[in-house]
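Take a look at the letters that make up each chain.
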Amino acid sequence: MRFLRRVSAEVVLVSPRLTRTRLGPSLLLLGAGLVWLRSRGLDPLTAVLEAGALAAVLGAGWLAGNARDRAALATALTHPTTPLAIATGRWSAIVLPAVLLAIACAVASGAPATAAAAGMVAACAVAAVALATVLLLGNSAAVAFFLLIAVAGAIAPEQLVALTNPGIVRLAAASILELGPALWRYRDIATGDLLSFGHALAWTGLGILFASGIVERQRASVL
Amino acid sequence: MPDYALALCNVTSGAAGAPRRSALRDVSLALLPGEIAGLVGSAGAGKSTLLQIAAGCLLPSRGEARVYGMRVTDPAARRLVGYARDGTAFPPALTVREVLTYYARLHAERGGEPAARRLVREAFDVSGLGPAAELFVSALGRADQQRLAVAQATLGQRRVLLLDETLSALDAVARRDLRGRIAALAADGVAVLIAAREPAALECLAARVLVLREGRIVRAGPLPALLGERVLEVILDAPPREAPPGFRVTETGIEAPLTGRTVEAALALCRAHRLPVRASRVRVKSLDDVVLETHDAH
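First to last, the sequence lines map onto chains A and B.
In terms of this note's numbering, the first sequence has 653 at position 6, counting the first letter as 1, and numbering is strictly consecutive.
In terms of this note's numbering, the second sequence has 55 at position 24, counting the first letter as 1, and numbering is strictly consecutive.
Among these hints, one or two may not hold up.
As the list claims (entries may be wrong) - Sample of chain B residues facing chain A (criterion: CB under 10 angstroms; computed from the structure): (1) 94; (2) 116; (3) 122; (4) 124; (5) 136.
Stated by the list, open to error - Listed next, the stretches of chain B that the computed footprint assigns to chain A, with coverage defined by at least 3 CB atoms under 8 angstroms from CB atoms of chain A: (6) 98–110; (7) 129–135; (8) 179–191.
Calculated from the structure, these hints are not laboratory results.
On a predicted model such as this, the values are computed, not experimentally measured, just so you know.
Glycine is no exception: its CB is placed at the ideal position from the N, C-alpha and C atoms.
Take the sequences, apply the hints, and build the full model.
Structure below.
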């Protein structure tokens with residue numbers, strides 16, 4: 648119960664941010680853009696996956712990646728909470744709008760319920776990794792992560808390396824896509840693939856644990 | 032043994048054999064409930080490190096910190112310690128009330144939202160931030176930011192307050208107001224350890240002062256005892272090549288504490304050194320003098 652109370656204290660911070668920062672308009676723009684692309688022939692499952700995952704990256708940037716937000720973690724840790732509660736709470740705060748956007752996108756683009764579920768699971772995994780990334784490296788890393796998910800996220804790694812000269816960059820990108828949270832893998836969740844679901848679940852857990860480790864390091868930070 | 036609110040026992044920070052700036056060496060101190068102690072020293076002396084260890088944010092490599100007899104890392108002890116670090120940062124895009132409500136929710140174990148709201152009201156009373164409750168954190172001036180730092184540090188009836196540079200860089204009115212609020216907390220039995228790079232800020236507040244230098248407490252005592260001495264200031268027509276024994280060079284001449292000698296004897300010493308004395312005056316020693324003396328003596 649105590650853990651849940653601490654987590655919920657973090658989650659309630661999301662509503663003022665949605666209306667007062669550019670997070671709200673960014674999510675609306677993202678949703679509108681994906682629905683427009685859907686009307687131009689984008690596959691509905693891809694649109695929903697992109698909505699969940701990209702909204703998660705935007706959320707991580709606006710809810711945790713700001714330098715002052717990261718500095719404020721040290722203050723929060725002087726109160727009765729734990730790094731794990733903070734990381735779980737921030738993750739929940741990031742996931743909440745991302746999941747809502749994925750559902751809205753599924754409804755607007757006429758995607759089936761399974762596609763919406765895949766989008767939600769993708770949002771959970773990407774949110775955890777994005778949270779850990781922005782806590783460690785700040786918002787510039789969020790931009791890189793956003794581009795990776797938006798541009799390369801839906802491409803299967805085989806498509807990148809199945810060339811005569813893959814090159815080191817393509818090889819690195821293919822490895823990231825193979826191991827990390829990527830939309831090409833989470834497409835299979837819509838067809839009930841448990842391995843893809845397990846992959847997302849593992850990244851969710853690992854991301855939150857890693858983020859809590861980074862929060863713990865903030866305890867002794869001198870501003 | 033008295034029930035100390037805060038006790039640091041032979042605390043050393045940093046790995047052995049790896050000296051670094053701000054590391055503490057064998058520091059011991061004890062604070063009684065309701066006592067206000069000041070921590071002064073130049074930058075890098077270890078003031079913030081000491082407060083971080085007392086707050087349980089940093090673990091010492093040797094020694095231990097205890098709060099009311101409990102190790103500071105004990106969750107029950109942590110609940111009793113409030114810490115306002117230098118340059119405390121708050122979640123941006125929130126109002127003062129939202130920030131305090133966020134922290135209050137972490138303290139309100141039972142009672143939920145009504146308990147959190149009560150804690151926020153108490154924090155407003157303690158800090159005097161009521162009129163700024165609906166302002167965004169980013170819009171606060173330095174004084175209100177420091178009030179907010181104190182407010183969050185006192186949330187949940189903390190019994191030990193660690194304040195890092197809370198009185199620094201404030202105008203006289205804001206400083207007096209915050210001093211009064213900190214003194215009121217101490218009157219309620221809260222032990223306060225406050226660090227300041229501007230020692231003058233502590234002169235009307237701290238009952239006891241500890242001077243830190245290179246991670247050690249080099250001087251400590253009640254404020255009246257430290258400031259009890261008088262100082263002879265000698266204004267010279269030209270800067271001296273070398274100060275007489277016991278004197279230190281200042282911007283306008285030289286000065287020395289009048290410990291164990293008369294004004295006449297000190298001026299005679301100046302004449303003996305053929306110093307071009309223009310004027311002299313005796314003044315009461317300030318905490319700045321104590322820090323400078325400590326610095327020059329090492």
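Hint by hint, here is what the structure shows:
This hint is violated: residue 94 of chain B has a C-beta 17 angstroms from the nearest C-beta of chain A, more than the 10 angstroms allowed. Taking 10 angstroms as the C-beta cut-off, the interface hint given for residue 116 of chain B holds, the closest approach to chain A being about 6 angstroms. Hint status for residue 122 of chain B: holds, given a least beta-carbon distance of 5 angstroms to chain A, under 10 angstroms. Because the smallest distance between the Cβ of residue 124 of chain B and any Cβ of chain A comes to about 5 angstroms, under 10 angstroms, the interface hint for this residue holds.
Taking 10 angstroms as the C-beta cut-off, the interface hint given for residue 136 of chain B holds, the closest approach to chain A being about 4 angstroms. Proximity of the region 98–110 of chain B to chain A, defined as three or more residues with a beta carbon under 8 angstroms from a beta carbon of that chain, is established by the 3 residues found. For the region 129–135 of chain B, the proposed coverage by chain A is satisfied: 3 residues have a C-beta within less than 8 angstroms of a C-beta in that chain, meeting the threshold of three. Residues of the region 179–191 of chain B with a Cβ under 8 angstroms from some Cβ of chain A number 4, which satisfies the need for three, so the listed coverage holds.
Checked against the numbered hints listed earlier, the structure breaks hint 1 alone; every other hint is satisfied.
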